[in-house]
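For chain A, the structure is supplied; the task is to place chain B on it using the hints.
Each chain, letter by letter, is given below.
2 protein chains.
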Amino acid sequence: MIEFMIHLQGDGNIPLYEQIYESIRKNISDGKVSQGEKLPSTRFMAKYLQVSRSTVELAYEQLLSEGYIESQPCRGYYVCDIADLYELQEKSLYPKENLEQEEIDSKETKYLDFTADGIDYKHFPFNIWRKIHKNLLLDDRDEILLSGDGQGEYGLRNAIAKYLYQARGVKCEPDDIVIGAGNEYLLILLSQLLGEKKHVLMENPTYLQAYRTFENIGYQVSCVSVEEEGGIPLEKIRQVAPNLLYLMPSHQFPLGGVMPLKRRLELLKWATEDEGRFLIEDDHDSEYRYKGKPIPSLQGIDSHGKVIYLGTFSKSIAPSLRVSYMVLPKDLKKVYEERCAFYSTTVSRLSQDVLRVFLEEGHFGRHLNKMRGIYRNKHDKLVSVLKKYPWVKKIHGDNAGLHLLVEIETTMEENEIVEKARECGMKLEGLSAYEVMEQKGECFPTILLGYGNPSEEEIEQGMELLNQILTAQK
Amino acid sequence: MIEFMIHLQGDGNIPLYEQIYESIRKNISDGKVSQGEKLPSTRFMAKYLQVSRSTVELAYEQLLSEGYIESQPCRGYYVCDIADLYELQEKSLYPKENLEQEEIDSKETKYLDFTADGIDYKHFPFNIWRKIHKNLLLDDRDEILLSGDGQGEYGLRNAIAKYLYQARGVKCEPDDIVIGAGNEYLLILLSQLLGEKKHVLMENPTYLQAYRTFENIGYQVSCVSVEEEGGIPLEKIRQVAPNLLYLMPSHQFPLGGVMPLKRRLELLKWATEDEGRFLIEDDHDSEYRYKGKPIPSLQGIDSHGKVIYLGTFSKSIAPSLRVSYMVLPKDLKKVYEERCAFYSTTVSRLSQDVLRVFLEEGHFGRHLNKMRGIYRNKHDKLVSVLKKYPWVKKIHGDNAGLHLLVEIETTMEENEIVEKARECGMKLEGLSAYEVMEQKGECFPTILLGYGNPSEEEIEQGMELLNQILTAQK
Numbered sequence: 003m004i005e006f007m008i009h010l011q012g013d014g015n016i017p018l019y020e021q022i023y024e025s026i027r028k029n030i031s032d033g034k035v036s037q038g039e040k041l042p043s044t045r046f047m048a049k050y051l052q053v054s055r056s057t058v059e060l061a062y063e064q065l066l067s068e069g070y071i072e073s074q075p076c077r078g079y080y081v082c083d084i085a086d087l088y089e090l091q092e093k094s095l096y097p098k099e100n101l102e103q104e105e106i107d108s109k110e111t112k113y114l115d116f117t118a119d120g121i122d123y124k125h126f127p128f129n130i131w132r133k134i135h136k137n138l139l140l141d142d143r144d145e146i147l148l149s150g151d152g153q154g155e156y157g158l159r160n161a162i163a164k165y166l167y168q169a170r171g172v173k174c175e176p177d178d179i180v181i182g183a184g185n186e187y188l189l190i191l192l193s194q195l196l197g198e199k200k201h202v203l204m205e206n207p208t209y210l211q212a213y214r215t216f217e218n219i220g221y222q223v224s225c226v227s228v229e230e231e232g233g234i235p236l237e238k239i240r241q242v243a244p245n246l247l248y249l250m251p252s253h254q255f256p257l258g259g260v261m262p263l264k265r266r267l268e269l270l271k272w273a274t275e276d277e278g279r280f281l282i283e284d285d286h287d288s289e290y291r292y293k294g295k296p297i298p299s300l301q302g303i304d305s306h307g308k309v310i311y312l313g314t315f316s317k318s319i320a321p322s323l324r325v326s327y328m329v330l331p332k333d334l335k336k337v338y339e340e341r342c343a344f345y346s347t348t349v350s351r352l353s354q355d356v357l358r359v360f361l362e363e364g365h366f367g368r369h370l371n372k373m374r375g376i377y378r379n380k381h382d383k384l385v386s387v388l389k390k391y392p393w394v395k396k397i398h399g400d401n402a403g404l405h406l407l408v409e410i411e412t413t414m415e416e417n418e419i420v421e422k423a424r425e426c427g428m429k430l431e432g433l434s435a436y437e438v439m440e441q442k443g444e445c446f447p448t449i450l451l452g453y454g455n456p457s458e459e460e461i462e463q464g465m466e467l468l469n470q471i472l473t474a475q476k
Numbered sequence: 003m004i005e006f007m008i009h010l011q012g013d014g015n016i017p018l019y020e021q022i023y024e025s026i027r028k029n030i031s032d033g034k035v036s037q038g039e040k041l042p043s044t045r046f047m048a049k050y051l052q053v054s055r056s057t058v059e060l061a062y063e064q065l066l067s068e069g070y071i072e073s074q075p076c077r078g079y080y081v082c083d084i085a086d087l088y089e090l091q092e093k094s095l096y097p098k099e100n101l102e103q104e105e106i107d108s109k110e111t112k113y114l115d116f117t118a119d120g121i122d123y124k125h126f127p128f129n130i131w132r133k134i135h136k137n138l139l140l141d142d143r144d145e146i147l148l149s150g151d152g153q154g155e156y157g158l159r160n161a162i163a164k165y166l167y168q169a170r171g172v173k174c175e176p177d178d179i180v181i182g183a184g185n186e187y188l189l190i191l192l193s194q195l196l197g198e199k200k201h202v203l204m205e206n207p208t209y210l211q212a213y214r215t216f217e218n219i220g221y222q223v224s225c226v227s228v229e230e231e232g233g234i235p236l237e238k239i240r241q242v243a244p245n246l247l248y249l250m251p252s253h254q255f256p257l258g259g260v261m262p263l264k265r266r267l268e269l270l271k272w273a274t275e276d277e278g279r280f281l282i283e284d285d286h287d288s289e290y291r292y293k294g295k296p297i298p299s300l301q302g303i304d305s306h307g308k309v310i311y312l313g314t315f316s317k318s319i320a321p322s323l324r325v326s327y328m329v330l331p332k333d334l335k336k337v338y339e340e341r342c343a344f345y346s347t348t349v350s351r352l353s354q355d356v357l358r359v360f361l362e363e364g365h366f367g368r369h370l371n372k373m374r375g376i377y378r379n380k381h382d383k384l385v386s387v388l389k390k391y392p393w394v395k396k397i398h399g400d401n402a403g404l405h406l407l408v409e410i411e412t413t414m415e416e417n418e419i420v421e422k423a424r425e426c427g428m429k430l431e432g433l434s435a436y437e438v439m440e441q442k443g444e445c446f447p448t449i450l451l452g453y454g455n456p457s458e459e460e461i462e463q464g465m466e467l468l469n470q471i472l473t474a475q476k
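Protein sequence lines, in the order shown, are assigned to chains A and B.
Mind the numbering: the first sequence is residues 3 to 476 in this note's numbering, read in order.
Mind the numbering: the second sequence is residues 3 to 476 in this note's numbering, read in order.
A couple of the hints might just be wrong.
Copies of the same chain are indistinguishable here, so a pair counts whether it falls within one copy or spans any two.
With a Cα cut of at most 25 angstroms, we get these calculated DSS-like pairs of lysine-lysine [to be verified]:
(1) 124 / 372
(2) 124 / 49
(3) 383 / 136
(4) 133 / 200
(5) 383 / 112
(6) 49 / 336
(7) 34 / 136
(8) 136 / 49
(9) 372 / 164
(10) 124 / 136
(11) 332 / 49
(12) 396 / 293
(13) 336 / 429
Treat the hints as calculated values from the structure; they're not laboratory data.
Next up, chain A with everything else stripped away, as it sits in the complex (with noise of 0.2 angstroms):
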C-alpha cells in the first residue's frame, strides 16, 4: 500500500477534504506514486489524519471522479493511468458546487445507494416546479417577500388539513397545523408547549434523530423493545411511567411493523388516564404502501386530544424540501397561541406558495401516484431478486416504506457487511446502526435495504455485489 505525506492545515481557509484530495492529487501527477498502487482505506486513511471517514470519502469521491483513481469492487481504491488525463481541471473557487458538477458527469463512479432515507430523484417533476416557481415569482406579487404567518400560511395548512384528512384519516383544521423547516425542529418547538422535565418512551430501534433531539431537548428517554405484532405492550409503559410516547403506527422505522388497532386503542386510553400524556404520532412514509388497505392514522381515532400527529414532505417530494408540519391537539394549540405564536415561521414564503400551489393544483396527488408506481416496481424487483439467494433467511417489513429489511444466514457481523459493502461502492446500513439498546436474542444479521434510490437495474447489480460479499466469505 502506498503510503503519502499529508499536511492538514486546520485554519480552515481550505476545507479538509480539499487538502486531503489535493496532497494525493498532487502525489499521483507528479508521478510519486505509480499506476495501480492500492490507496489506504478510507477508514484507516481518517484514523491516520484525525478526520472524520466522511472527509476522507468526499477526497476519494473526488479523486474518482476526476479519474485519478479508480474503485475496483470488493477490492479498494487504486490509482489509474493518468496519461489518458490530458487536462487537469483547474479548481473553481467553489469546490462542493464543481464537485456535484463532476458528480453528475460520472454517475458510474457514485455509490450506489441502498440506505433507508434514500429517495428516487430521476422522476421529481422538475417541469412543473420551475413553472409554478417561475409565476409566483412576478415582479408584482410582493406578498412573497413579506414575512408572513408565523404558524406558517393559511393556505398551506388549509392544503395539507384536506390531504391530511383524505389520505391519512387525521382530523384536523387549518387552525391545528403548525408548519416547521423538519421534524427535528418541530419536536424542540414541542417540548416549548409540552413543558419541561418530560419522560419520553420510545420504541427500539427507532429514529435516532428525534431521540438525540429529545435527549438535546434535556428529556429523560427509555426505551422498550418493539414487540414481533408491532408497538410495546402496555405493561412495559405502566412499568416505564413516560409522560410521552413517541411511536410510528402506520409504518414502525425501521422496523416496518403496523400497530393493531388493540394496541392503538390501549394507548389512547393510556394517554387520557393523566392530563400530562400525550402520544406523538410520527407519520413519516406512509403515502408509500404496495399491498393491502392504507392503515389511517391514530390521531384520527382519537377523541380525547392525546395526539401530536406529525408529518413531512422530505420523502414524499425531497428531503432538500425542509417542510414538515405538526397537528396539535386544541389544548396544545392553546398553549401554542401564548408562548409559541410570536415565532417567526421557519419556512420561507416562497417555499410555502410554491408546496400549496403543488398541493392546490393536484400535482401532489398526481406526484404521490406516479411515484407509488415506481416504488412498488422497484420494491418487488428487490424481493424477487432476493428470493433467488440462499443466504436470505427472511425478509421483514416489506409491502410499504421505502426500504426492506433482510435477515442474513451467514457467519459474517452486521458491522463486517456494511463495511465489505461500501468498499464495493454500496452504501446500505445494519439494523444495529437504529438501535439506541441492543437487542437480546439475535441470531443473524439484520441489513436495511432501502429501494427509493438505485434503479431496478441497479438494485440487481447491488444484490448481486451482495452476494459475492457473503458468498466470497463462506
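Structure of chain B alone, referenced to chain A:
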C-alpha cells in the same frame, strides 16, 4: 353606529375573519345596513366577538378592498354605496390568496406602514431572483433535492464568511458558521450548545422576539436600561451577574445607539473572566448606515472566542426568506459537532443555493448599494419633513438602519397616538412596545418611525396625517 348579528362557528372549517367578512358583506349587500353608516371600531368588534383584533382587521381589509366599506381618515370605517358594485366577486377556495391579489389591486386601501421592521419591496430584484431559480431548477440538478449539510451548504457558508469579513470585520471560517431559519431558531439551537440554566442580561428596550425566546428556552432573563452613551455599564453587569449578554453593539434596537469601543473592550474583558460567559452579538441591520464610517463588529475585536455573532438576510433581502446565520467561537463549534451536527438544516437547499449565487455573482453587493441609496433618500426625506413640525421635540437613532425615533411634545399618551394613527390608516409603534420593563423619568411619548416600507411620497403623506392627529388634539 350599526349593529351586526354575527355568529361565529369555531369548528375551523371557515376561517374566523372570513365569517366576519361574510356576515358584514351579506348585511350590506342585502341592504340591511345603508350607505354612510359607521362600522364599529376594530377594537370594539374584536372585544365583542372575542377574537383577536388582527382577525377583525383582516375582515375589514377584505371589505375595504372589495369596496363594501371605506376608511375615512381619523374617523373610522363607513358603509359604501354599493349600487356601483355591479359584480360581486365569487369567493375562491383560497381566501387568503384572493385577498392578497385584491390588496395589490387596490393599493389605496392599504395601511401606510411605518413599523420598524418594514422594508422596501418595490425595488426587489425579481428578475435576477427568477433567473437564479430557473438556472438552479434544471432537470438534471439532482443535488437540489438531496438533504445536504446540516450546518448549511459549504458554498453558502463560504460566501457569507467572505461577506462578513469584508463588510463587518467578522473573522471567521466557513466552518464556524451555522445557517438557520431565523434568529429565534438559532437562539434555541445555541441554548443546546450553552446548556441549561443560563442567566442572560438584555438591554432595555430590546428585541422582544429574542427576549421571549430566551424565556421559552427556560433561561433567567434580566434587563438593564441602555445608557445614553450606548450599552450597559460594567458595574450593572457585575450586580446582575449573568452568564450571557445579548447585545446589538453596532446599532441598538430600537434606540439606534452605537456602543463605544471602550465599553466593547470592557465587556470582552468581563467575558474572559469566566469560562461560561459569552456575548451574543445580534448584528441585525448594520448593512444600512448613511453617515460616517461603518462600525465593525464586536466579534472582529474578540480574540478569546467570547462572541457569538448573529446575522440575517431579513432586512438586507427580505423577511420571508428565513435565512439567518450564527458564527460560533471554536469551543462552541466543537460542542455543536458533538451534540447538534446530526440536526438537518432548517433552510431548503434551493434557498441556500439561490442565496449563494446571489452573493457569489455580486448581486448582493449591488443590491445593498442600491437599497442603501434608496433608504438614505427616504431617511433624509423623513428627517426633513419632521423638521417642519413644532411637536417634534427630538429625533434619535437616525442615520442608520431603517427607522428612527421621534420624541413628541404633546399631551397625548403614546398608545393614544399609535391608536389614532391606525384608525387613520397608518401603522406605527411606540417605544414602550419594546420595553421589557417601564423606563423611569420619561416625559414625552416616543414613536418609532420606520421608513423602509413607505415611498417618499407616502412619508410626506403619513407625517401630515400624524400632524393632523397631534394638532387636532391641542
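Of the numbered hints stated earlier in the document, which are not met by this structure?
2, 3, 4, 7, 8, 13
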